[in-house]
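K.L.:
Sequence:
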Amino acid sequence: MQESLNSNDFKEYAAKKAKHITSAKNIAPLLECIASLPTIPSHFYSDNGIHIVAQDKTLAQKYHKAIYTLATQLKPWRKGPFFLFDIHIDSEWQSFMKWQLLAPHCNLEGKYIADVGCNNGYYMFEMLLQGKKLYKKIIGFDPSGIFKCQFDFINHFINAPIEFELLGVEDLLAYSQAHNQSFDVIFCLGVLYHRFDPINTLKILSQSLNKGGELILDTLIYESNEEICLCPAQSYAKMSNVYFIPSIPTLKGWCERANLYDFEVINLTPTTTQEQRQSAWVDSQSLSAFLNETQTRTIEGYQAPLRGYFKLKKR
Numbered sequence: 001m002q003e004s005l006n007s008n009d010f011k012e013y014a015a016k017k018a019k020h021i022t023s024a025k026n027i028a029p030l031l032e033c034i035a036s037l038p039t040i041p042s043h044f045y046s047d048n049g050i051h052i053v054a055q056d057k058t059l060a061q062k063y064h065k066a067i068y069t070l071a072t073q074l075k076p077w078r079k080g081p082f083f084l085f086d087i088h089i090d091s092e093w094q095s096f097m098k099w100q101l102l103a104p105h106c107n108l109e110g111k112y113i114a115d116v117g118c119n120n121g122y123y124m125f126e127m128l129l130q131g132k133k134l135y136k137k138i139i140g141f142d143p144s145g146i147f148k149c150q151f152d153f154i155n156h157f158i159n160a161p162i163e164f165e166l167l168g169v170e171d172l173l174a175y176s177q178a179h180n181q182s183f184d185v186i187f188c189l190g191v192l193y194h195r196f197d198p199i200n201t202l203k204i205l206s207q208s209l210n211k212g213g214e215l216i217l218d219t220l221i222y223e224s225n226e227e228i229c230l231c232p233a234q235s236y237a238k239m240s241n242v243y244f245i246p247s248i249p250t251l252k253g254w255c256e257r258a259n260l261y262d263f264e265v266i267n268l269t270p271t272t273t274q275e276q277r278q279s280a281w282v283d284s285q286s287l288s289a290f291l292n293e294t295q296t297r298t299i300e301g302y303q304a305p306l307r308g309y310f311k312l313k314k315r
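Heads up: the sequence shown begins at 1 in the working numbering, then just goes up one per residue.
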């Protein structure tokens with residue numbers, strides 16, 4: 001964490017971190033290619049994915065090959081799908097399914113919003129449409145170079161007023177302090193179980209919120225009424241970076257320790273191969289390879305993935 005840095009020092013730290021990530025030999029050439037793409041005025045809308053429509057279809061067709069080639073170089077596409085002109089970027093996750101669960105519970109108008117672990121920005125584009133452009137600001141945080149490339153690629157055509165910071169959740173509070181602005185709404189989707197320190201992570205999220213601010217949280221849940229937590233020995237669903245999967249009572253206790261209350265369960269839903277599956281746009285295995293033959297347990301023998309969606313408030 002970088003809370004101890006003053007405003008100027010933190011901004012210098014953030015700039016150095018971003019430069020280190022974007023100058024990597026596998027990232028810098030991609031960013032250069034994205035920057036060299038032609039300007040093609042477009043509009044976008046949401047319909048089971050983000051659809052980007054060129055105003056000049058002849059111009060879009062002229063550069064189709066270059067755009068398609070670059071899109072394939074940006075794999076793996078985890079979040080989406082995106083329908084970029086006539087190119088269907090069929091992502092591993094059908095992210096609109098999650099958004100359709102969350103959207104009715106999110107009031108984003110007039111809000112200062114953070115998306116922590118924003119991946120390629122898919123949900124931020126959905127938020128932009130949900131907020132009807134009456135939000136204060138939307139900022140995404142993710143320290144991944146390839147996700148930044150994907151965001152820049154899509155936003156080259158959408159030209160949305162969204163910011164992307166190459167910072168992790170551990171930097172969120174310091175960012176908030178350096179900019180003298182806490183958030184009204186923070187989205188933390190699919191991050192908590194990847195953290196060594198889930199309670200401290202929740203504290204950072206809470207401390208980065210305004211009083212009365214809302215946290216929209218999505219995390220894996222262990223099905224039990226007891227205050228227990230699954231700590232996978234080696235991996236969970238072939239993910240070696242999953243450390244803590246709490247029961248709902250355990251998660252509620254963690255949140256209260258972090259000064260997050262009004263614990264609302266939006267939805268509990270098993271992850272299915274309809275939502276997460278292998279695609280030509282992801283050169284790796286997906287959910288079906290992570291579960292047993294009956295898809296009732298993970299390949300390691302744990303409970304199959306159950307996702308919980310929650311809304312909480314800071315007191």
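Calculated from the structure, these hints are not laboratory results. There may be inaccurate statements among the hints.
[What the hints assert, rightly or not] DSSO-like, lysine-lysine: derived pairs with alpha carbons at most 27 Å apart: (1) 313 to 211; (2) 25 to 75; (3) 132 to 311; (4) 313 to 203; (5) 16 to 75; (6) 252 to 211; (7) 19 to 137; (8) 137 to 11; (9) 311 to 211; (10) 136 to 11; (11) 313 to 252; (12) 252 to 16; (13) 136 to 62; (14) 136 to 211; (15) 137 to 16; (16) 313 to 136; (17) 75 to 17; (18) 132 to 11; (19) 25 to 11; (20) 132 to 252; (21) 252 to 11.
[What the hints assert, rightly or not] Pairwise CB distance ranges (calculated): (22) 103 to 306: 19 to 25 Å; (23) 62 to 285: 34 to 40 Å; (24) 240 to 100: 28 to 34 Å; (25) 26 to 100: 31 to 37 Å; (26) 134 to 16: 19 to 25 Å; (27) 104 to 32: 38 to 44 Å; (28) 100 to 261: 25 to 31 Å; (29) 109 to 240: 29 to 35 Å; (30) 273 to 26: 27 to 33 Å; (31) 103 to 76: 34 to 40 Å.
Values in this document were obtained by computation on a predicted structure and should not be read as measured data. Each residue gets a CB set at the ideal place from its N, CA and C atoms; glycine is no exception.
K.L.:
Does each hint fit the structure? Answer for all of them.
P.N.:
Okay, the hints, checked on the actual structure:
Between residue 313 and residue 211, the direct Cα distance comes to roughly 8 Å. Compliance with the 27 Å bound is thereby established for this hinted pair. Between residue 25 and residue 75, the direct Cα distance comes to roughly 16 Å. Compliance with the 27 Å bound is thereby established for this hinted pair. Distance restraint check for residue 132 and residue 311: the Cα-Cα separation of roughly 21 Å lies within the 27 Å cut-off, and the hinted pair is therefore satisfied. Our distance criterion of 27 Å between C-alpha atoms is met by residue 313 and residue 203, whose separation comes to about 12 Å.
Restraint check for residue 16 and residue 75: satisfied, since their Cα atoms lie roughly 25 Å apart, inside the 27 Å limit. Straight-line distance between C-alpha atoms of residue 252 and residue 211 comes to about 19 Å, which keeps the hinted pair within the 27 Å bound. About 23 Å separates the Cα atoms of residue 19 and residue 137, which keeps this hinted pair within 27 Å; it holds. Proximity of residue 137 to residue 11 is assessed by CA-CA distance (about 18 Å); at most 27 Å being required, the pair is judged to hold.
The suggested pairing of residue 311 with residue 211 holds, with an alpha-carbon distance near 15 Å, which does not exceed 27 Å. About 21 Å separates the Cα atoms of residue 136 and residue 11, which keeps this hinted pair within 27 Å; it holds. For the hint linking residue 313 to residue 252, the alpha-carbon distance of about 12 Å falls within 27 Å, and the restraint holds. Taking the CA atoms of residue 252 and residue 16, the gap is about 37 Å. The hint is violated against a cut of 27 Å.
Using a Cα cut-off of 27 Å, the hinted pair residue 136 and residue 62 is violated, with the two alpha carbons roughly 37 Å apart. Of the pairs offered as hints, the one joining residue 136 and residue 211 holds, with about 17 Å between alpha carbons and a cut-off of 27 Å not exceeded. Our distance criterion of 27 Å between C-alpha atoms is met by residue 137 and residue 16, whose separation comes to about 24 Å. The suggested pairing of residue 313 with residue 136 holds, with an alpha-carbon distance near 19 Å, which does not exceed 27 Å.
Only pairs whose Cα atoms come within 27 Å are accepted, and residue 75 paired with residue 17 is accepted, the gap being roughly 23 Å. Restraint check: the Cα-Cα separation between residue 132 and residue 11 comes to about 30 Å, which exceeds 27 Å; the hinted pair is violated. The hinted pair formed by residue 25 and residue 11 meets the criterion: a straight-line CA distance of about 24 Å does not exceed 27 Å. Simply put, residue 132 and residue 252 have alpha-carbon atoms about 32 Å apart, too far for the 27 Å limit, and the pair is violated.
Restraint check: the Cα-Cα separation between residue 252 and residue 11 comes to about 34 Å, which exceeds 27 Å; the hinted pair is violated. Between residue 103 and residue 306 the beta carbons are some 21 Å apart, a value that agrees with the proposed interval 19 to 25 Å. Range check, residue 62 to residue 285: about 37 Å between beta-carbon atoms, so the 34 to 40 Å window is met. Distance hint for residue 240 and residue 100: a CB-CB separation of about 30 Å, consistent with the stated range 28 to 34 Å.
Taking the beta carbon of each, residue 26 and residue 100 are about 34 Å apart, inside 31 to 37 Å as hinted. Look at residue 134 against residue 16: about 35 Å separates their beta carbons, and that is not inside 19 to 25 Å. With their beta carbons about 41 Å apart, residue 104 and residue 32 fall inside the hinted range of 38 to 44 Å. A beta carbon spacing of about 26 Å between residue 100 and residue 261 agrees with the range 25 to 31 Å that was offered as a hint.
With their beta carbons about 40 Å apart, residue 109 and residue 240 fall outside the hinted range of 29 to 35 Å. Between residue 273 and residue 26, the C-beta spacing of about 30 Å keeps the proposed range 27 to 33 Å intact. At about 26 Å, the CB distance of residue 103 to residue 76 disagrees with the hint of 34 to 40 Å.
Of the numbered hints listed earlier, those contradicted by the structure are 12, 13, 18, 20, 21, 26, 29 and 31.
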